[in-house]
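Visitor: Heads up: the sequence lines are chains A and B, in that order.
Reminder that position 171 of the first sequence reads as 171 in the UniProt record's numbering, one-by-one numbering, no gaps.
Reminder that position 246 of the second sequence reads as 246 in the UniProt record's numbering, one-by-one numbering, no gaps.
The set of hints was computed from the structure by calculation and includes no laboratory data.
All of these numbers come straight from a predicted model, not from anything done at the bench.
Where hints are given, some of them may not hold.
Cβ-to-Cβ under 10 Å is the rule here; a few derived chain B residues that face chain A [to be verified]: (1) Gln58; (2) Arg60; (3) Met72; (4) Tyr92; (5) Leu95; (6) Leu291; (7) Ile303; (8) Leu310.
Where is the CB? At the ideal position from N, CA and C, for every residue including glycine.
In case you want the letters, here they are:
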Amino acid sequence: MSTLVALARAHAFAAGRAQPITTVRHLHVHDRPLVLIPLAMAGEANAPLAAMLGSSPADARLLVVSQPRNRDERFTFFADLAEAVVPYLDSFAGATEAVPVDRGRDVRHRFVDAPQIWVPNPGGADFLRLLGRSTRFRRTDGDFPVPASVPRLGQWLTFLASSAEVPGSSLLVNAVQALGQHWATGQSAAEDAHFGSLFAWITEGVEAAREAENGPVAGPATDPAFDNEILAPLITAADPALTGVLRELLTPTWERMWKSIELLRDLPAGARVGSRWDSDRDAYSAYVEHLIEDGSPQPRRDGAVAAAARLQRLENAATRYAVQRAFDDPLVMAEHRLTGQAFGAVVTLAKADRIDDSGKRPVLRPRIMVATSEAVRVEPGAALTSPARPAQKAKVISVTPGATSTDVVLELSGGMGRKLVAEPGSVPEVGEQLLLTTLSEAYRPGAAFPDPDDTPWTHGGPPARPSVDADDQ
Amino acid sequence: MSQVERLRGTAPGKRHNARTVAALTGNPGCTRRAVLDAAGVDKVRLAERIGFPGAFGQSRFALARGNAFEAMLKADDCALLRSTLGAYVGGYEDLGADEDDTLSARHTRTRALLRSGAEGLLDHPLLTLDVAGQTVFLEPDLIAYQNGSQLQVVEIKSFAIIDGQADGTAVSSAAVQAAVYVLALRRLLGDDRVSHEVVLVCPENFSMQPVAVVLDVRKQLSTLKRQLSRLASVSSLIESLPPTLSFDLAQPVADLVSSLDTLTARYAPECLSACEMSVFCRDEADGRTELLGRPVREALGGIETVGEVLALAAGTREPEPDQVEAATLLRAAQRLRDEAL
């Protein structure tokens with residue numbers, strides 16, 4: 001918890017209203033998202049009770065399992081869910097665009113759009129992950145055959161749930177996290193986990209939020225009192241009123257979901273949101289291709305090499321996301337300024353035509369001096385960048401603290417053209433306000449991992465050949 | 001009449017169980033909870049009476065599934081449980097139902113059976129543990145079984161283990177509860193007679209097929225021991241409370257609230273999922289930074305109230321000597337926030 005966000009929470013408490021903690025939106029908001037609110041049966045491992053879904057506010061479809069312990073009904077539910085969700089996911093596998101790769105020597109194709117599913121909270125995303133696990137290995141032949149769309153749904157849900165773990169991905173979004181990244185409420189993070197309460201803090205204020213706490217839950221878990229007093233008698237009596245009751249229970253959350261999407265859509269998007277959505281489209285395109293060419297379901301657990309590679313991808317994505325958020329948003333950058341990882345400064349001296357000819361070839365290495373009144377926690381030799389000129393590196397030559405301000409001398413490289421004279425405007429001029437930070441958007445190369453067949457014994461050795469379990473459920 | 005009975009009033013006492021002992025150690029600094037629990041006050045009804053009911057209950061679907069799973073394991077002289085544990089485990093002894101009037105008889109019998117060192121499964125034993133100077137009865141719904149020279153605790157839970165993974169919160173609370181039983185057994189029989197490895201039996205994947213996994217609870221045990229020793233002072237605290245103090249639910253609400261006011265609470269948002277009094281304590285903590293959660297409070301430099309935080313950040317209040325550092329940080333944060341917005 002950064003002090004800036006904590007301070008925003010204090011302000012929100014005093015104002016009785018949530019306060020913004022960003023100046024721009026940091027996630028992609030789709031024009032045609034699919035909202036999906038799953039509801040689970042208490043006590044069972046991932047037994048669905050109901051789901052409300054649709055891709056427009058006026059078009060809510062409700063699927064209900066009226067006897068949750070009945071296997072057939074459960075599988076009818078899976079088939080119905082697949083029939084509703086899989087066509088939406090497939091519908092973006094149409095028009096493609098060419099993307100240059102390998103420094104423009106080749107092109108690859110990716111779909112121009114990708115799906116986006118919204119669930120209310122992290123629990124909802126987790127429920128979909130388990131739903132994916134329980135359906136992706138189902139067989140379309142044998143003793144308990146299921147329609148082909150059911151294992152396909154399982155593969156898609158698994159794909160979406162694992163992409164949701166990638167920081168900055170917007171394929172599967174949970175509303176609690178999305179709202180919580182943009183507003184701070186005057187309550188604790190534990191209480192923010194209640195979607196209705198968080199939403200009310202943002203739209204109406206503290207009193208409405210306290211009321212919402214006792215209102216209907218946003219799933220997937222139901223309220224024990226609701227289970228005992230309303231649900232149990234209805235299920236025991238096989239009462240057809242169950243559907244109406246569940247619709248009434250889910251409708252407030254449904255409406256809040258769409259209003260949340262609108263709230264976020266109204267914020268201006270950060271400059272780097274688009275490039276992250278490009279990565280999402282890459283992931284989607286690659287998975288469509290996998291389904292066409294191979295079609296095998298994701299393994300139950302990653303092997304050692306795959307797990308290590310995935311962990312590294314997640315770490316890189318987390319770093320990239322943190323840096324991009326800061327570069328896009330002065331209020332996020334302010335958190336780094338507070339900790340001394342970034343500082344605002346004004347240019348006091350600049351020598352734009354300085355040439356370093358100590359090496360084999362002379363190179364353009366302008367030097368500038370900046371003055372700042374903020375805390376500077378960098379050492380000579382450190383590399384800084386400025387969000388205004390992300391391609392340019394500034395090496396710290398010296399740091400001289402003064403009575404009221406600190407002078408920092410920087411040597412610039414990159415982003416000034418290929419000649420020995422800097423392109424106009426590429427070197428900061430005297431009097432220019434600059435923001436300098438140790439955060440860097442530089443490409444982080446992936447580590448080298450062995451082939452799975454060469455997995456070292458420390459990591460369990462080469463994996464056994466995958467065996468196909470027909471009886472697994 | 002002892003002070004404890006006076007505190008509780010006419011209502012029958014609520015008994016501790018592994019869950020309440022575990023919760024007690026979750027927030028050991030809270031005097032209110034320690035005293036109310038030690039006195040056996042029914043906190044659910046107390047909270048309702050003073051107008052701050054919490055939502056604490058278990059879904060009957062979850063209960064039904066848990067009971068069905070347990071019954072399945074214990075059917076036919078625990079046939080399924082034995083095959084899940086994967087070893088010959090001797091006889092099976094059920095010490096009877098959870099009833100008040102058989103407490104001491106069951107405890108005596110539990111002690112005798114455990115001391116005899118016979119191999120086998122023991123169902124519904126009754127253990128005791130010293131909590132805050134009070135002897136509490138623990139009625140574990142567990143089976144302890146003799147495995148070689150050591151006794152092992154078997155805990156049956158109905159949450160699923162899917163592909164070798166289970167819900168982290170569920171597992172950690174099961175581990176703490178099992179640690180409570182291990183500790184009670186160790187106090188009775190000696191440390192080396194009871195294993196620190198407990199067996200957790202859960203349904204596997206999406207079926208009702210049981211699977212047994214071994215949990216090492218040494219860490220939970222040492223936490224538990226440390227926190228229980230800190231709680232030891234509660235009985236002397238109870239003795240020092242004014243003799244008129246009572247939580248008898250027959251009293252007017254205003255009296256109950258003023259009685260509660262004499263006990264200092266240490267509210268944290270985590271209480272909301274663990275303590276029946278939490279909604280009342282949250283209301284009482286209004287305006288204080290702990291309301292926003294411990295990480296927020298720390299990020300705000302540990303300042304007590306939201307009002308002080310905002311005044312220090314705005315620079316309208318002179319910081320106390322110990323607040324100077326926090327105030328500098330808050331003013332810088334406020335300046336950066338104003339600049340960016």
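Visitor: Hints first: check each against the structure and report whether it holds.
Guide: Results for each hint:
Interface hint status for Gln58/B: upheld, as the beta-carbon distance to the closest one in chain A is roughly 6 Å, under 10 Å. The beta carbon of Arg60/B is positioned within 10 Å of a beta carbon in chain A (closest approach about 5 Å), and the interface hint is therefore held. Hint status for Met72/B: violated, given a least beta-carbon distance of 14 Å to chain A, over 10 Å. Of the supplied interface hints, the one on Tyr92/B is violated, with its beta-carbon coming no nearer than about 26 Å to a beta-carbon of chain A, more than 10 Å.
Residue-level restraint check for Leu95/B is violated (minimum Cβ-Cβ distance to chain A is 27 Å; threshold 10 Å). Hint on Leu291/B holds. Least Cβ distance to chain A is approximately 7 Å, under the 10 Å limit. With its C-beta approaching chain A no nearer than about 9 Å, Ile303/B sits inside the 10 Å limit, and its interface hint holds. For Leu310/B, the suggested interface contact is upheld, since its CB lies about 6 Å from the closest CB of chain A, less than 10 Å.
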